[in-house]
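Peer 1: First to last, the protein sequences are chains V and X.
For the first sequence, the working numbering begins at 2 and goes up steadily by one.
For the second sequence, the working numbering begins at -8 and goes up steadily by one.
Hint data in this document are derived by calculation from the structure and do not stem from the laboratory.
A couple of the hints might just be wrong.
Said to hold, decoys possible - With the C-beta cut set under 10 Å, the calculated list includes, among others, these residues of chain X facing chain V:
#	residue
1	TYR39
2	PHE96
3	GLY99
Stated by the list, open to error - Within a straight-line C-alpha distance of at most 25 Å, the following computed DSS-like cross-link-like pairs (lysine-lysine) qualify:
#	chain 1	residue 1	chain 2	residue 2
4	X	LYS0	V	LYS43
5	X	LYS48	X	LYS86
6	X	LYS48	V	LYS3
7	X	LYS0	X	LYS35
8	V	LYS68	X	LYS35
Stated by the list, open to error - Far from chain X, some chain V residues (derived; all Cβ distances over 10 Å):
#	residue
9	SER13
10	VAL14
11	THR25
12	GLY55
13	GLU58
14	GLY104
Note that the coordinates shown come from a computational prediction; the quantities given were computed from them, not determined experimentally.
Glycine included, C-beta positions come from ideal geometry on N, C-alpha and C.
Spelled out from the first residue to the last, the chains are:
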Amino acid sequence: QKEVEQDPGPLSVPEGAIVSLNCTYSNSAFQYFMWYRQYSRKGPELLMYTYSSGNKEDGRFTAQVDKSSKYISLFIRDSQPSDSATYLCAMTPSGSARQLTFGSGTQLTVLP
Amino acid sequence: NAGVTQTPKFRILKIGQSMTLQCTQDMNHNYMYWYRQDPGMGLKLIYYSVGAGITDKGEVPNGYNVSRSTTEDFPLRLELAAPSQTSVYFCASSKTSGSRDEQFFGPGTRLTVL
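Chain X with its partners taken away, still in its complex shape (with noise of 0.2 Å):
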């Protein structure tokens, strides 16, 4: 049971260029969010999905797009990187939408862009 996982870890970009931002989980969770993390401020959510095709903008949702296609996936993709964008992304999901259900988290992408 690996739960959730990410990749990559570490990525630098070039300005205006384009990734995605891969997220996997094995829980059958049908919650998934993502979120940034930058330094000195506290997570915000990006975009969040409540299942296979449903998906919907969080705080901070410019400059990205999300697809989710199956239960277990949730890419996020990054079109024409800003400085702006240089951040710790997580991704997490959870098997209910309240909050008192945990969360659970990946590791992280750290991206910088340049």
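Chain V with its partners taken away, still in its complex shape (with noise of 0.2 Å):
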């Protein structure tokens, strides 16, 4: 069993729709979270950053964070068809950045 589960889709939404995706984890001891962005070609990009449990904004971007049911989300609200792309979620015990462990990312594609 993955330390990190994450649906690879692909998902496939209308533009302005909500997007909510997902990982768990098995580890108890992950403390910090992470969403990153992945282009078609290119390196990750670092969306979301979020301590413990709880939910963080940033724009359209909400992370949320269920130690309890070892479970995380990113939701997209208004998507837009450049929100197009790979998300990976990742995580740490200890904050560092030497012992994150990646999801297996889910692609994303909003149709216009």
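Make one complex out of these two single chains by using the hints.
Peer 2: Okay, here's the thing in structure tokens:
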């Protein structure tokens, strides 16, 4: 069993839809949670960072962490075609980048 | 300001050949990383460096070597290439070692070993 599970998709939604992307994990030691966005043929870029449980909002993006369920989510409101990308979750127990465990990514397409 | 650059973009190797993947950053970051990304799998850390002359193994170092003679450059060496090393390789850099500190990734090198 992988430490971090992520539905690979692909997920297609119409422009303007609310998108929900999720990851589950098995290691209860994870404390720091991240979402990366990766456009086709590009490197990942950090989108959201959260520590422990709770919500964090940044513009159209909301990251949610439920440590009791070992479940994290990324919500995208008013989705745009420019949001079409692969979204990777990542997490670490210590806050160290050397101990990041990545999900396999969910491929999202937002249709105009 | 180019960020993180990687060369080559694509490469096909025969089993047993060797090659060096180049990585350069112009942000004066101390921390640099090499990852591999396989289909259906998350990124895996191969090696990392905390500064010139200092490197350490990540999760999947076997079959690879690194060196860091300058702050800017962090080449990854593949000796005796094997089909299992077919992957997309990403170099990244960050100002500090914290996961909160954004890692800046290069565009990747797509390597196929036949």
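Peer 1: All the hints need checking, so say for each whether the structure fits it.
Peer 2: Tested hints:
1. TYR39: It holds, given that the least Cβ distance between TYR39/X and chain V is near 6 Å, below 10 Å.
2. PHE96: The hint holds - PHE96/X has a Cβ within 10 Å of chain V, the shortest such distance being about 3 Å.
3. GLY99: holds, 6 Å
4. LYS0/X - LYS43/V: holds, 11 Å
5. LYS48/X - LYS86/X: Holds, at roughly 19 Å.
6. LYS48/X - LYS3/V: Distance of about 21 Å is within 25 Å: holds.
7. LYS0/X - LYS35/X: holds, 19 Å
8. LYS68/V - LYS35/X: Distance ~23 Å between LYS68/V and LYS35/X Cα, so the pair holds.
9. SER13: Non-interface label stands for SER13/V: nearest chain X Cβ at 19 Å, farther than 10 Å.
10. VAL14: At about 22 Å from chain X, VAL14/V clears the 10 Å cut-off, so the statement holds.
11. THR25: holds, 13 Å
12. GLY55: It holds; GLY55/V is separated from chain X by about 15 Å at its closest Cβ, greater than 10 Å.
13. GLU58: holds, 17 Å
14. GLY104: violated, 5 Å
Violated hints amount to a single one, hint 14; each of the other numbered hints is respected by the structure.
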